[in-house]
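A.B. asks: One-letter residues, chain by chain:
2 protein chains.
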Amino acid sequence: MGMTQGLKRAVLVNAKGLATIDDHRRRSWADLSQRVAQLAGALKALGLQAGDRVAMLAFNSDRYLEYFYAVPWAGGVIMPLNVRLAAPELVAMLNDAQPKILMVDEAFQSLLPTLSQAASLKHVILAGDPPHPPRTQGGESSHPPRIREGDPSLPPPYTGGIGGVLNYEEILAAAKPAPDAERTGDDIAGIFYTGGTTGAPKGVMLTHRNVVSNAMSMLLSIHKGQPWVFLHTAPMFHIADSQWVVGATIQSGTHVFIPRFNPEETLKAIQTHRVTHCAMVPTMVNRLVNFSGVENYDSSSLKAINYGGSPMPPAVAARAQAVFPGCEFFAGYGQTETSPAITLLDSKYHVLEGPLAGKIASVGQPVFNMEVKIVDDNDHELPRGTVGEIITRGLHVMAGYWNKPEETAQALRGGWLHTGDVGYMDEDGFIFIVDRLKDMIISGGENIYPVEVENALHQHPAVAMCAVIGIPSETWGEAVHAIVVLREGQSAAEAELIQHCRAHIAGYKCPRSVDIGREPLPMSGAGKILKRELRAPFWQGQARRIN
Amino acid sequence: MGMTQGLKRAVLVNAKGLATIDDHRRRSWADLSQRVAQLAGALKALGLQAGDRVAMLAFNSDRYLEYFYAVPWAGGVIMPLNVRLAAPELVAMLNDAQPKILMVDEAFQSLLPTLSQAASLKHVILAGDPPHPPRTQGGESSHPPRIREGDPSLPPPYTGGIGGVLNYEEILAAAKPAPDAERTGDDIAGIFYTGGTTGAPKGVMLTHRNVVSNAMSMLLSIHKGQPWVFLHTAPMFHIADSQWVVGATIQSGTHVFIPRFNPEETLKAIQTHRVTHCAMVPTMVNRLVNFSGVENYDSSSLKAINYGGSPMPPAVAARAQAVFPGCEFFAGYGQTETSPAITLLDSKYHVLEGPLAGKIASVGQPVFNMEVKIVDDNDHELPRGTVGEIITRGLHVMAGYWNKPEETAQALRGGWLHTGDVGYMDEDGFIFIVDRLKDMIISGGENIYPVEVENALHQHPAVAMCAVIGIPSETWGEAVHAIVVLREGQSAAEAELIQHCRAHIAGYKCPRSVDIGREPLPMSGAGKILKRELRAPFWQGQARRIN
Chain A
363 MGMTQGLKRA VLVNAKGLAT IDDHRRRSWA DLSQRVAQLA GALKALGLQA
413 GDRVAMLAFN SDRYLEYFYA VPWAGGVIMP LNVRLAAPEL VAMLNDAQPK
463 ILMVDEAFQS LLPTLSQAAS LKHVILAGDP PHPPRTQGGE SSHPPRIREG
513 DPSLPPPYTG GIGGVLNYEE ILAAAKPAPD AERTGDDIAG IFYTGGTTGA
563 PKGVMLTHRN VVSNAMSMLL SIHKGQPWVF LHTAPMFHIA DSQWVVGATI
613 QSGTHVFIPR FNPEETLKAI QTHRVTHCAM VPTMVNRLVN FSGVENYDSS
663 SLKAINYGGS PMPPAVAARA QAVFPGCEFF AGYGQTETSP AITLLDSKYH
713 VLEGPLAGKI ASVGQPVFNM EVKIVDDNDH ELPRGTVGEI ITRGLHVMAG
763 YWNKPEETAQ ALRGGWLHTG DVGYMDEDGF IFIVDRLKDM IISGGENIYP
813 VEVENALHQH PAVAMCAVIG IPSETWGEAV HAIVVLREGQ SAAEAELIQH
863 CRAHIAGYKC PRSVDIGREP LPMSGAGKIL KRELRAPFWQ GQARRIN
Chain B
363 MGMTQGLKRA VLVNAKGLAT IDDHRRRSWA DLSQRVAQLA GALKALGLQA
413 GDRVAMLAFN SDRYLEYFYA VPWAGGVIMP LNVRLAAPEL VAMLNDAQPK
463 ILMVDEAFQS LLPTLSQAAS LKHVILAGDP PHPPRTQGGE SSHPPRIREG
513 DPSLPPPYTG GIGGVLNYEE ILAAAKPAPD AERTGDDIAG IFYTGGTTGA
563 PKGVMLTHRN VVSNAMSMLL SIHKGQPWVF LHTAPMFHIA DSQWVVGATI
613 QSGTHVFIPR FNPEETLKAI QTHRVTHCAM VPTMVNRLVN FSGVENYDSS
663 SLKAINYGGS PMPPAVAARA QAVFPGCEFF AGYGQTETSP AITLLDSKYH
713 VLEGPLAGKI ASVGQPVFNM EVKIVDDNDH ELPRGTVGEI ITRGLHVMAG
763 YWNKPEETAQ ALRGGWLHTG DVGYMDEDGF IFIVDRLKDM IISGGENIYP
813 VEVENALHQH PAVAMCAVIG IPSETWGEAV HAIVVLREGQ SAAEAELIQH
863 CRAHIAGYKC PRSVDIGREP LPMSGAGKIL KRELRAPFWQ GQARRIN
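Protein sequence lines, in the order shown, are assigned to chains A and B. For the numbering used here, add 362 to where a residue sits in the first sequence, where the first one is 1. For the numbering used here, add 362 to where a residue sits in the second sequence, where the first one is 1.
Take these hints with a grain of salt, some might be off.
Copies of the same chain are indistinguishable here, so a pair counts whether it falls within one copy or spans any two.
In silico lysine-lysine, DSBU-like type, Cα no more than 30 Å apart, as pairs [stated by the list, open to error]: (1) K462 / K893; (2) K378 / K630; (3) K462 / K766; (4) K462 / K538; (5) K484 / K766.
To be clear, the hints were calculated from the coordinates, so they are not data collected in a lab.
Work out the full structure, taking the sequences as your base and the hints as a guide.
C.D. replies: As structure tokens, this is what we get:
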């Protein structure tokens, strides 16, 4: 996880949002990111190589922020200098870390004749604003820096040496945006100087993992909120619940258990233990909010329900908000392969009216730590709004499949996990899932792979050919449906085939209904059953999608 | 970062807090952790080796949670099984991942004759409660699992084979607690089965980094809160501010800049841009809250101020809370070497009265991602309440010092960063800093190393011997004070010596006062100046501490 990934996600989830305010200058996240890419291009044009240091000596400004991101974007290492140090101390640091490029703002321009003694420097960039009116006018400092003291003997602005002083805005405007170098993990993000007991300054090397972990940890501490009481309603073997084994422990909250979900026991536990958080599949939410007598229980302690596994129909969402008015809903999309979070639909998008209304049909935006791309069959990224396979990478992606190196390599090809889900990303970074590459059925929040059911059916002597598909179900989202072609001269009834399956596979995977016929199933040229054609009549007028 | 680190931190920060509620059974975090260590001991006594899998087939319970933590604590890999699968499907998974140990609760006991076909199994542990009254009575399931269906032909409880069925509570009670195996990072935390398109189940290997990152990411998303507007008041070169370059970007909030801190510009920016968050040193907070006219500015948007670098005197804390009533204060302790967060004092401990009052004198508890120990000179951990050096490890710890392999090895010896700060940890996991191993002075939030100042003084021809110490200062926390012994026949005035220093080092490092004498300074047997003796008269009646 690297700094620039955080910047790119900020653009993805909040492109038009205000990223910087510096006096009268304001920029959106999209604008900031564009400028960062251009400044990175300018630095590379000046000869910046991977791992090279770029020093900065300036007061706070939006350009200082751009520097923080443009340097790693270009593959470099930041080196922010203490504005209070004397010039000889700064020269010692420059000689130690040997940056090729130094940025300064106008306030420190007068130090350049001394700083340029550092032999490594090839370029100086002036990153401030014109000195009229001075940015520091009216400012005061607890320790006035030496260079601010009026000294009539100060040399004139430095413009020569080291190939001249470049202007920040000019080189940025002239540059082509660079691609993100994607520095991450153990790559050094910056060198931060600290005094040493020996008097010699020490350059502390902080990695991208260091600075991003620190920021997440600080955010978590500051957002901690009220004590957690987490109710394990979904089965704990399932990653949708077991992720909260870790999460509620990080909160050092209270774990509450019921052996298995049922609406009454869940409501009782919420009331008795003042439960604040839980994770569910939408069918559980549905059964809970429609449970007769739900109003008789005190569920006012509920703060948030995280759900995932299949869509929450708008009617259920509306009812849920009416029954649990103080509770926020977060829809997750993910897989076991991603621990499982890939995207999350924030509670504020669980609305059926107003400007945010359309987003409830999506699975939300990528969570921090995870990147998402929509790609074509050759893994080339597609434009926004175009349907393709959803692929993802980041800290949540599995190490691999146990003892399955080929399937692992296939799933993780190119360094991205291929989800097998098909969808598109809108202009605001929301992912809409429209189909699955695989024909997996999701019924009551459980993944069911048709081939397993088909394998069971094929073990019945009367079955010549079969296809198992998901069809719409009010209760389960999808129900397992089989289409069977019988062998010549054989016969079998629907109930018999279902009973046959029960002897081989889990009950929830067995067909709920079977169509029995004699006509061959529609096949592709390559000899594959065309399941989309079989599904079409069932799904007429409604989109088949999951989240 | 591993799962068990999260458990240990929960114990550290909330030992007496309620960790689990299972029906009428309740356990604190301290109790849970003790049981986890004992269960881990029992698993190791059964022959569990590093990386061995332990399977679990059970409904939700507190023991399921203990299993999640005890297995990695013992060095193993968890393998939670889907309770809805048919026995042959489970056998296929057992044969694939080959666990030596299987835990089941009573509900699944009847499957044991089938499950024990898995050749790898050496031990079975019965982890449920006695079947009277059945835990699932009154329960219902959307998909009733096969094994719950009343079947008079069910075999009697399985007690034979695989060396008999062990009882969870019995082996736990008999076991010696094991030390934490400290599995982390790329170590496999668990194998989670998911169906494959080929019908064969695939075991998804999730690492400790996977599951912990996922949990942090989910927590961040759910806690995100209102949009952030972060004001850069502290200088951006300093890690205390630059950490929020990353943090506020993760929030995709708005960055606001003022070139340099001053109270009026800060208050103006807060009012104009509706600033929600900022980071300061206590001297800044002090100047802000005591600024004449502070009440004339609208600072109601402020949600949190993160401060660190030196202590906030109780009077300033009280005044700050009066002036910014809606704002929370979080005190951080750390170093550049730790990106910088090591501990954080939560806002709720910023109180001068009541049961939490004493904690404001501490620097708080370790943040997530970081572990802290108090050790003696041989790096042996000391009991709570005993003063020693503060050492730390975790994701925020630097890669090292640039071009200083020996100093890096010294600082990171034994895999822990040695902070050079001296303090103790109380029974509740709060760190109290009482002194520094190094003689560093912290003045106005800036670190000043006496040896640098002494080096400057020594360059004056009249100086024979000198020592630089920190003395109490109302304004700066500490002020730089020099004690100088002049050479025979030489003389120098206080102002002259200070002026001399200004030519060599930054103004804020120069002595504010100088004692000039002829008597040699007190020395240790090893020839070191005894600075504690020099400091003693200045600090009489007050504790010298930082945070």
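A.B. asks: Look at each hint and say if it fits the structure.
C.D. replies: Right, here's what the structure says about each hint:
1. K462 / K893: Neither, since 61 Å and 41 Å both go past 30 Å.
2. K378 / K630: Result: close only across copies, 25 Å inter versus 44 Å intra.
3. K462 / K766: For K462 and K766, only the inter-copy Cα distance (20 Å) is at most 30 Å; the intra-copy one is 47 Å.
4. K462 / K538: Within one copy only: 20 Å inside, 59 Å across.
5. K484 / K766: Answer is between: at 25 Å across copies they meet the 30 Å cutoff, but 51 Å inside does not.
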